[in-house]
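Q: Going down the list, the sequences are from chains A and B.
Counting from 1, one number per residue, gives the positions in the first sequence under this note's numbering.
Counting from 1, one number per residue, gives the positions in the second sequence under this note's numbering.
Derived from the structure by calculation, the hints contain no laboratory data.
Just so you know, these numbers come straight off a predicted model, no measurement behind them.
Any given hint could be a false lead.
[Claimed, not checked] Straight-line distance between alpha carbons at most 30 Å, and here's what the computed BS3-like set of lysine-lysine pairs gives:
hint, chain 1, residue 1, chain 2, residue 2
1, A, K117, B, K95
2, A, K120, B, K207
3, B, K196, A, K45
4, B, K132, A, K120
5, A, K142, A, K117
6, A, K279, B, K95
7, B, K196, A, K120
8, A, K116, B, K196
9, A, K167, B, K196
[Said to hold, decoys possible] Derived CB-CB ranges, DEER-like:
hint, chain 1, residue 1, chain 2, residue 2, range
10, A, G363, B, T201, 48 to 58 Å
11, B, D129, A, N27, 14 to 24 Å
12, B, S232, A, Q277, 49 to 59 Å
[To be verified] On the chain A side, residues computed to face chain B include the following (Cβ under 7 Å):
hint, residue
13, G30
14, I33
15, I36
16, N188
17, S196
18, G296
Heads up, the beta-carbon is just placed ideally off N, CA and C, and yes, glycines get one too.
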Amino acid sequence: MSEYKTIFQTISATAEAVVEDNGYYGNYGGSFIPEILVPAFAEIKEHFEAIKQDEAFWKEYCSLLADYSGRPTPLTYADRLTDYFGRAKIYIKREDLNHTGAHKLNNALGQAMLAKKMGKTRVIAETGAGQHGVATATAAAKLGLSATIYMGREDMERQYSNVFWMKRLGAEVIAVDYGSRTLKDAINEALRDWVSSFETTHYVLGTASGAHPFPAIVSYFQAVIGIEAKEQILRAEGRLPSRVYACVGGGSNALGVFQAFYPHDDVELVGVEAGGQGKGSGRHAARIAYGEGRAGVAQGFKTLFLQNNDGQMNDTYSLAAGLDYVGVSPILADLSERGRVRFTAATDTEVVEALEIIMKTEGLIPALESTHAFAGAFNDITESSGSDIFIINMSGRGDKDIFNVAEGLNDDEWKAFIRRKARQFEDGAR
Amino acid sequence: MMMNGKHLSGEKPGSSKMGLAERITVRQSGKPIQMMTHQILGYPDFDTNYEMIRLFQESGVHLVELQLPFSEPIADGPVFLHANQASLASGTTTKQCLEFAGRVVTDFPGLSFLFMTYYNVVIQYGIEDFVKECAAIGIQGLIVPDAYPEESHEFMEACRKHRVEPVLIVTPYTTSERLAYLSAETGGFLYCAARKGVTGTKTSFGKETEAFITRVRGMARTPIAVGFGIQSDQDVRFLEGKCDIAIIGTQLLNVLEHEGLSGVKRFLQTIIPA
Chain A
1 MSEYKTIFQT
11 ISATAEAVVE
21 DNGYYGNYGG
31 SFIPEILVPA
41 FAEIKEHFEA
51 IKQDEAFWKE
61 YCSLLADYSG
71 RPTPLTYADR
81 LTDYFGRAKI
91 YIKREDLNHT
101 GAHKLNNALG
111 QAMLAKKMGK
121 TRVIAETGAG
131 QHGVATATAA
141 AKLGLSATIY
151 MGREDMERQY
161 SNVFWMKRLG
171 AEVIAVDYGS
181 RTLKDAINEA
191 LRDWVSSFET
201 THYVLGTASG
211 AHPFPAIVSY
221 FQAVIGIEAK
231 EQILRAEGRL
241 PSRVYACVGG
251 GSNALGVFQA
261 FYPHDDVELV
271 GVEAGGQGKG
281 SGRHAARIAY
291 GEGRAGVAQG
301 FKTLFLQNND
311 GQMNDTYSLA
321 AGLDYVGVSP
331 ILADLSERGR
341 VRFTAATDTE
351 VVEALEIIMK
361 TEGLIPALES
371 THAFAGAFND
381 ITESSGSDIF
391 IINMSGRGDK
401 DIFNVAEGLN
411 DDEWKAFIRR
421 KARQFEDGAR
Chain B
1 MMMNGKHLSG
11 EKPGSSKMGL
21 AERITVRQSG
31 KPIQMMTHQI
41 LGYPDFDTNY
51 EMIRLFQESG
61 VHLVELQLPF
71 SEPIADGPVF
81 LHANQASLAS
91 GTTTKQCLEF
101 AGRVVTDFPG
111 LSFLFMTYYN
121 VVIQYGIEDF
131 VKECAAIGIQ
141 GLIVPDAYPE
151 ESHEFMEACR
161 KHRVEPVLIV
171 TPYTTSERLA
181 YLSAETGGFL
191 YCAARKGVTG
201 TKTSFGKETE
211 AFITRVRGMA
221 RTPIAVGFGI
231 QSDQDVRFLE
241 GKCDIAIIGT
251 QLLNVLEHEG
261 LSGVKRFLQT
271 IIPA
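Here chain A stands alone, though its shape is the one from the complex:
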């Protein structure tokens, strides 16, 4: 990007609007880390502050985004989807077209560059749906770093295609076999690695959560999504959207697309959490929308967590592996408390229904995570009119979800195919 200077200044201005110096966002955030990690965090803070002012860094970052990742991603007018509902005009921000198929690469490339600035030779990461793991493995390969990815065993089973790619990209993938075997457990395990390895290793946290300054770092590297979307909608429609929808697991894609609209109070920002099997089922990850998240401290920061009265974290559930995180970005917890972001949830059933509509009207296959944003918008759309404009952040593509979706749709032909392949492998092994 030749306009790197403008981009980096815009990113700074956009991200600084939500990032406070002491690492707190209202009542949330902070840094609750074991003493051993104090030097690692001091080093990251120092280098992060330095790169904020470093034009050469942003030039290289923007160049990687443009020439390697394929940015800017389009903002697609969904004419057939708009006609289908006959209400608000729907635009889709196409993070699925980022290299590796999701917004995660924006952050992974930035943090891998930060790791090199700090003189690290290795990166580690946690991953839920696997997209952040693939992005980190990709960034590591591109920048010449070794990579280890922690992934809950349950998530590995759900997202094995991403496990395959991570390994082929040269990363070591370590299954986490305790707890709920999902994202929060992968984060814990990555932290355990890091306390032993921080001298050579940077932890590429994938979402805008964790101890300060990680929420700020991830917000910075994802701000590009909203900056582009804002420019694109102004170009297409000459005005800002009525609403912006994004799914919320930890919160990185949501903050990415929300930040640029944050100063514009007439743009409603809507975070869609994983409603799983619905409110009251105990099988969901809707920390804010269902009002069940309570303030607490875990994994190095203070936010709203799904927890019991003793402060033990509850098991979470979603059809989408990337959304069933027990906490939420402290920035989003604060924005919710201040009424700037409205939270809602989409259930698994609503998500599968939404996916079928999107595929058949627009020829797009969003990730199950991203489909929550669509389902949230579809649930609201009857309240909208033709004069409204919705932007939905399609945070990632859905081909990784083929097994889950086929299962969710109870697709007999797919099941027969899987049985044939299994027989072939078995015959080959004999």
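Could you slot chain B onto chain A? The hints should help.
A: Relative to the frame of chain A, chain B by itself:
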């Protein structure tokens, strides 16, 4: 013995007016080193916890760290992680842990008891209520590794108010400036994690450990304890004369799991100085 001795008074160990640091200092006289052992409450069950504590008292242990289990114990290695989660799976609650602690404090007056847990357990109980309850049942110190002291004013204040001592941790990577700060803020003793990493991995005790302890000793205002990776009597002998307390955690649980209570008894006899 390299005791700082700043908390000495005429009180006897066990006096209710005596704080943890003072009690350690008074008790230290003539001992090469004191031992602190560790138990994860509710693992494998409270009855075994009780029997272990009985063995601790009989074997000459001085301090016992009772860990309230947490679902996300990020500073603990795989052995403790498993024990935390197994304890919670069997239904252990904070209330049960407090009741149990109250009982063992009464039944084993020769031991000093501390709680170790993670900050969220304290927060959800209510920070002041938790510390007040600890004081009421006779818990003398609190080790909460993720209650980063700069962020935990309410906790530190409650500890001061109720005279339960907040034990802070230092590591070989702690800068001198920060070591001065943590030395001033800690209560009871300063917990020296002998290396980076989580609990349970073997530490190679040698010149680097010695240099670390010497650096801490030069700054500390309280007794100092060394933990993380102590696995054998040789490790304890190495620390004698260098620090005031040796902390044994994971290895004790390994011995319990593989050799039962009788194995623990034998192990304690080998590591505790006569």
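Q: All hints, please: hold or fail.
A: Verification of the hints:
With a C-alpha separation of about 48 Å, the suggested pair A/K117 and B/K95 falls outside the 30 Å cut-off, and the hint is violated. Straight-line distance between C-alpha atoms of A/K120 and B/K207 comes to about 27 Å, which keeps the hinted pair within the 30 Å bound. Proposed proximity of B/K196 and A/K45 is supported: the alpha carbons are some 20 Å apart, at most 30 Å. In summary, the hint linking B/K132 to A/K120 is not supported, as the alpha carbons are separated by about 45 Å, beyond the 30 Å threshold.
At roughly 15 Å between alpha-carbon atoms, A/K142 and A/K117 fall within 30 Å of each other, so this suggested pair holds. Pair hint A/K279 plus B/K95 holds up; C-alpha atoms about 29 Å apart against a cutoff of 30 Å. Straight-line distance between C-alpha atoms of B/K196 and A/K120 comes to about 17 Å, which keeps the hinted pair within the 30 Å bound. Using a Cα cut-off of 30 Å, the hinted pair A/K116 and B/K196 holds, with the two alpha carbons roughly 22 Å apart.
Distance check on the hinted pair: A/K167 and B/K196 sit about 28 Å apart at the alpha-carbon level, within 30 Å; holds. Hint check: A/G363 to B/T201, Cβ distance near 53 Å, so the stated range 48 to 58 Å holds. Evaluation of the 14 to 24 Å hint for B/D129 and A/N27 yields a pass: the beta carbon distance comes to about 20 Å. Remark: the range hint 49 to 59 Å for B/S232 to A/Q277 is upheld by a beta-carbon distance near 51 Å.
Because the beta carbon of A/G30 sits about 5 Å from the nearest beta carbon in chain B, less than 7 Å, this interface hint is met. Hint status for A/I33: holds, given a least beta-carbon distance of 6 Å to chain B, under 7 Å. Taking 7 Å as the C-beta cut-off, the interface hint given for A/I36 holds, the closest approach to chain B being about 5 Å. Residue-level restraint check for A/N188 holds (minimum Cβ-Cβ distance to chain B is 5 Å; threshold 7 Å).
The closest approach between the C-beta of A/S196 and any C-beta of chain B is roughly 4 Å, which is under the 7 Å cut-off, so the hint is satisfied. Below 7 Å, beta-carbon pairs count as interface contacts, and A/G296 has one with chain B at about 5 Å; its hint therefore holds.
Hint compliance for this structure: hints 1 and 4 are broken, all remaining hints hold.
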